[in-house]
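Chemist: Single-letter residue listing:
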Amino acid sequence: MPEIASLLDSMAEQTRRHFEQRGIEQPIVVGIHSGGVWIAEVLRQRMGYTRPMGKLDISFYRDDFSRIGMHPQVRPSELPEELDNEHILLVDDVLFTGRTIRAALNELFDYGRPASVTLAVLVERDGRELPVEAAIVGAHMELGTGEQIKLRGPEPLRLERVKLEDGR
Amino acid sequence: MITAAFPARPLPQPGPLPNDLQLTSSGQLRHLLTVEGLSRELVTEILDNAESFANMNEKAVKKVPLLRGKTIVNLFFEASTRTRTTFELAAKRLSADVLNINVSTSSATKGESLLDTLRNLEAMNVDMFVVRHQQSGAAHFMARHVEPGISVLNAGDGRHAHPTQALLDMFTIRRFKGDFTRLKIAIVGDILHSRVARSQIHALNILQAGEVRVVAPHSLLPAHVEDLGVHVFHSLEQGLRDVDVVIMLRLQRERMEHAHLPSEHEYFQLFGLTERRLLVARPDCLVMHPGPANRGVEIDSAVADGAQSVILQQVTFGIAVRMAVMSMVMGVRSA
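Chains as they are written, first to last, in the numbering used here: chain A, 697 to 864; chain B, 188 to 522.
I should point out that these hints are in silico values taken from the structure, not numbers from a laboratory.
You may find that some hints are simply not true.
Label pairs and their calculated CB-CB ranges [said to hold, decoys possible]:
#	chain 1	residue 1	chain 2	residue 2	range
1	A	713	B	500	44 to 50 angstroms
2	B	362	A	720	38 to 44 angstroms
3	A	776	B	227	56 to 62 angstroms
4	B	461	A	776	40 to 46 angstroms
5	A	741	B	289	53 to 59 angstroms
6	A	709	B	286	54 to 60 angstroms
7	A	744	B	462	50 to 56 angstroms
8	A	706	B	493	56 to 62 angstroms
Straight-line Cα separation of at most 27 angstroms, DSSO-like style, residue types lysine-lysine; simulated pairs [to be verified]:
#	chain 1	residue 1	chain 2	residue 2
9	B	250	A	751
10	B	246	A	751
11	B	249	B	279
12	A	859	A	846
13	A	751	B	279
14	A	751	B	249
15	B	246	B	279
16	A	751	A	846
17	B	250	B	279
Which chain A residues face chain B? A few, computed with CB under 7 angstroms, are given here [to be verified]:
#	residue
18	743
19	756
20	761
21	765
22	770
23	772
24	806
25	807
26	808
Since the model is a prediction, treat every value here as computed from it, not as a measurement.
C-beta atoms are modelled at their ideal positions from N, C-alpha and C, and glycine is treated no differently.
For reference, chain B alone in the conformation it holds in the complex (with noise of 0.2 angstroms):
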């Protein structure tokens, strides 16, 4: 059984409770920083609101005026793709104006120049940060520090948190299987190095999940994992059985510094999906996984590719889901 209990765990986050920055006094959403200590109730809104955006892709004008004459800064000194573009697309598919910012990641890796960065910004009047840290709490950081009526959305700080990468995974999940109460799902690979598992973790928590399972070498995982409430397992073969959705991660091998694992060829031989190791799991099993995906290293390129696998739509869904959030977050500024 997995515990209703969020442990209090050593991470570097500074300052306040996340929801206290995160949540305006009557509870609604005013920046997004983590899943953890969200309600049932929140989490589930986020979804819903997502439901209505991923309806319209069939509309010839893929875009809703919500957000119109609002200034959104993607502020990232993380190198990042698919979640930047889909921050924009959500952005834009809201009119929103973008402004991408790409901050060279050695200018910038002290508090202070990034509150100088933020002050900078907030100087041509803009509504919303959406921020890629190295730095665990970055985004904590900028909340606290904002005017009032700018919001903070958290696109991955250090080992932290990746709530949207999390809550578009609990989207896809919920369109393909519906109730989380009845499912197992397991998320194999680079745990200790994964904001993505953590977040995914606490979504998976609130949600109420049948059974939450890490498949990872003892060098991966984070010391007192199991105290997030997840099972814990060493073997891919025993870890896979009879789950409903297995969460490959990618491993992140620009955050090893020190020798966590012998070679690529020999976590592929232990720890990477292929068809026949997916055969333990459910015949309906989901194949997720948040990308970039290295093939041959964590997972087969016949398994990204096969039938199984909904690591397109994740990417597709993650537009909606970012929608719901920067419509949420900027609803709330003048109630």
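Same shape as in the complex, but just chain A (with noise of 0.2 angstroms):
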């Protein structure tokens, strides 16, 4: 498994780099909960952004919700700054099938209409089922099929390839 503070160290210089091309001085950054909350913070921290924080849950935007029902312990989503004409920075902690960014993207467009929204994610796999990539990437990494990634922490954040056993 890559070393957290190296891929973190990757995405604050291509976050830098990014955004400095484009001439915007400050994204807002707004984590998915709950790992992409926790690369949020530790990112925002590196590149000594001033700006709140905000936080998403995606339980509502779903499209398994028919299937799978309520999610257990919502947390409400926090965003503390309006989104109208800023730019934001969405971070979660592994882009796999595309489906989590596009309720993400639903949700925040409920909050208002950003400039722009760049994705940065800790770990890319394959596994794409929609058009979404992310423009700050930490590692990409290749697994076997019923395999899975997955981010612990908050404290200390470990990164753990998880076996499923029955596919899914």
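Now that you have both chains on their own, put them together as the hints suggest.
Modeler: Encoded structure:
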């Protein structure tokens, strides 16, 4: 498993370059519960961003609600600032199918109309089901079928390869 | 002390025990017919879910796509504005399609025509019924007869139950007061005709409220009300002493067949909540009312609109609580 600290170093460098190139001083960082919030917190700190951070719980926007029902313990989404015309740095731990990001984008747009949304992920893996790509990526990983990658945290943060029992 | 056990009450309640109907074999909510018999865990889960929906008001789009494509029928056999509109808004904020049907009370008072109405609506492929009916047990009746996969929410049946009202009251109390075990709560007024009071007492017992009091004249109390685990007071002055929450009930004049009361004026003199009377309660005592309030009958305007009143917050929270219940019963159907 890759060292989280070095992944975060790389993400911070990519983030700096990305927003510098576009002449954006400071985006609003928004993390997706739970792992994305952990990563977003560290990344925001490394970047020295001072604007308050947003947190999204996308449970109400999932596309599998009618199959698996209410997610237990939905935490309220918190977006401390207006999103209209703002540049957003959306952060998640693992990019897999892209469905979480689809849900997060839908929720973001229910709060306002951002000027842009940039996606940053700690790990991207194969298996995309939607046209979603990250601009800032800590590591790319190839996983076997029935394997998943999980971020454990918040203290300390570590990545774990999980073998799924019966496919899913 | 409050007794934990719920006595078997001689309420008109047909058929199997409510929990056999309203819970799935794994204990999840499938219908919501009554608060009675629900576990503390499940009630807390409903309140927790409502908490996440209560935060939606800050969003530009006050809607989530959770129940997109579902059809919910508000089937009201009895007049209601607040309950029906908050159920309707709750459904719409979950992105469901809503149909409001107000059935004239004269043409449908017997079980058979209720069943007929039910079958016709089922034929339109609906997913949920929110039902209010003047007969106790109407929601149970529907829950027993609906197709599998359709949920029934009781929005008030006769004198029996009004579970979502009780849950939104619990939500309101929890929001302002936190832990129930330290609280003294007084329910004041027309307990006899009140399905709200019955549901509230069950909910408060489930959440292990410190002390539940009912305050009313003899003529407005059901027989053996003590069996529900409440302390009975016939004087407002004594009943309100040191309470943390006072819940005023509407005097249900439309349900009074006999002379339960000498006059409204006299009722107000004895049981109407005024600022002066409220002084014996704790200084931070919440004033609640399920609405619609009869000002000058059970509550003085100065109190209803006063600093301690959370009557309008109850209405706001009612939407979140109903959203929680609706999404829980719909989330369970295919599990």
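Chemist: Decide, hint by hint, whether the structure agrees.
Modeler: Hints versus structure:
1. Take residue 713 (chain A) and residue 500 (chain B): their Cβ atoms lie about 49 angstroms apart, and the range 44 to 50 angstroms holds.
2. Here the CB-CB span from residue 362 (chain B) to residue 720 (chain A) is close to 39 angstroms, well matched to the stated 38 to 44 angstroms.
3. At roughly 34 angstroms, the beta-carbon separation of residue 776 (chain A) and residue 227 (chain B) lies outside the given 56 to 62 angstroms, and the hint is violated.
4. In this structure the hint that residue 461 (chain B) and residue 776 (chain A) lie 40 to 46 angstroms apart at CB holds, the actual value being about 42 angstroms.
5. Between residue 741 (chain A) and residue 289 (chain B) the CB atoms are about 57 angstroms apart, so this pair conforms to the stated range of 53 to 59 angstroms.
6. Hint check: residue 709 (chain A) to residue 286 (chain B), Cβ distance near 56 angstroms, so the stated range 54 to 60 angstroms holds.
7. At roughly 55 angstroms, the beta carbons of residue 744 (chain A) and residue 462 (chain B) sit within the given window of 50 to 56 angstroms.
8. The hint said 56 to 62 angstroms for the Cβ distance between residue 706 (chain A) and residue 493 (chain B), and at roughly 59 angstroms that hint holds.
9. Only pairs whose Cα atoms come within 27 angstroms are accepted, and residue 250 (chain B) paired with residue 751 (chain A) is accepted, the gap being roughly 18 angstroms.
10. For the hint linking residue 246 (chain B) to residue 751 (chain A), the alpha-carbon distance of about 14 angstroms falls within 27 angstroms, and the restraint holds.
11. With a C-alpha separation of about 9 angstroms, the suggested pairing of residue 249 (chain B) with residue 279 (chain B) holds against the 27 angstroms cut-off.
12. For the hint linking residue 859 (chain A) to residue 846 (chain A), the alpha-carbon distance of about 10 angstroms falls within 27 angstroms, and the restraint holds.
13. The hinted pair formed by residue 751 (chain A) and residue 279 (chain B) meets the criterion: a straight-line CA distance of about 25 angstroms does not exceed 27 angstroms.
14. With a C-alpha separation of about 17 angstroms, the suggested pairing of residue 751 (chain A) with residue 249 (chain B) holds against the 27 angstroms cut-off.
15. Of the pairs offered as hints, the one joining residue 246 (chain B) and residue 279 (chain B) holds, with about 15 angstroms between alpha carbons and a cut-off of 27 angstroms not exceeded.
16. Distance hint between residue 751 (chain A) and residue 846 (chain A) is fulfilled; the C-alpha atoms sit about 19 angstroms from each other, no more than 27 angstroms.
17. Between residue 250 (chain B) and residue 279 (chain B), the direct Cα distance comes to roughly 7 angstroms. Compliance with the 27 angstroms bound is thereby established for this hinted pair.
18. Of the supplied interface hints, the one on residue 743 (chain A) is violated, with its beta-carbon coming no nearer than about 26 angstroms to a beta-carbon of chain B, more than 7 angstroms.
19. Satisfaction of the interface hint for residue 756 (chain A) is found here, the shortest Cβ-Cβ separation to chain B being roughly 4 angstroms, below the 7 angstroms cut-off.
20. Against a cut-off of 7 angstroms between C-beta atoms, the interface hint on residue 761 (chain A) holds, since the closest Cβ of chain B lies about 6 angstroms away.
21. Taken as an interface hint, residue 765 (chain A) checks out: its beta carbon lies about 3 angstroms from the nearest beta carbon of chain B, inside 7 angstroms.
22. Interface restraint check for residue 770 (chain A): the shortest CB-CB distance to chain B comes to about 4 angstroms, inside 7 angstroms, so the restraint holds.
23. For the restraint placing residue 772 (chain A) at the interface with chain B, the shortest Cβ-Cβ distance is roughly 4 angstroms, inside the 7 angstroms limit, so the hint holds.
24. Here the hint on residue 806 (chain A) is kept, as its CB sits about 4 angstroms from the closest CB of chain B, short of 7 angstroms.
25. The restraint placing residue 807 (chain A) at the interface with chain B holds, with a minimum CB-CB distance near 5 angstroms, inside the 7 angstroms limit.
26. Of the supplied interface hints, the one on residue 808 (chain A) holds, with its beta-carbon coming within about 6 angstroms of a beta-carbon of chain B, less than 7 angstroms.
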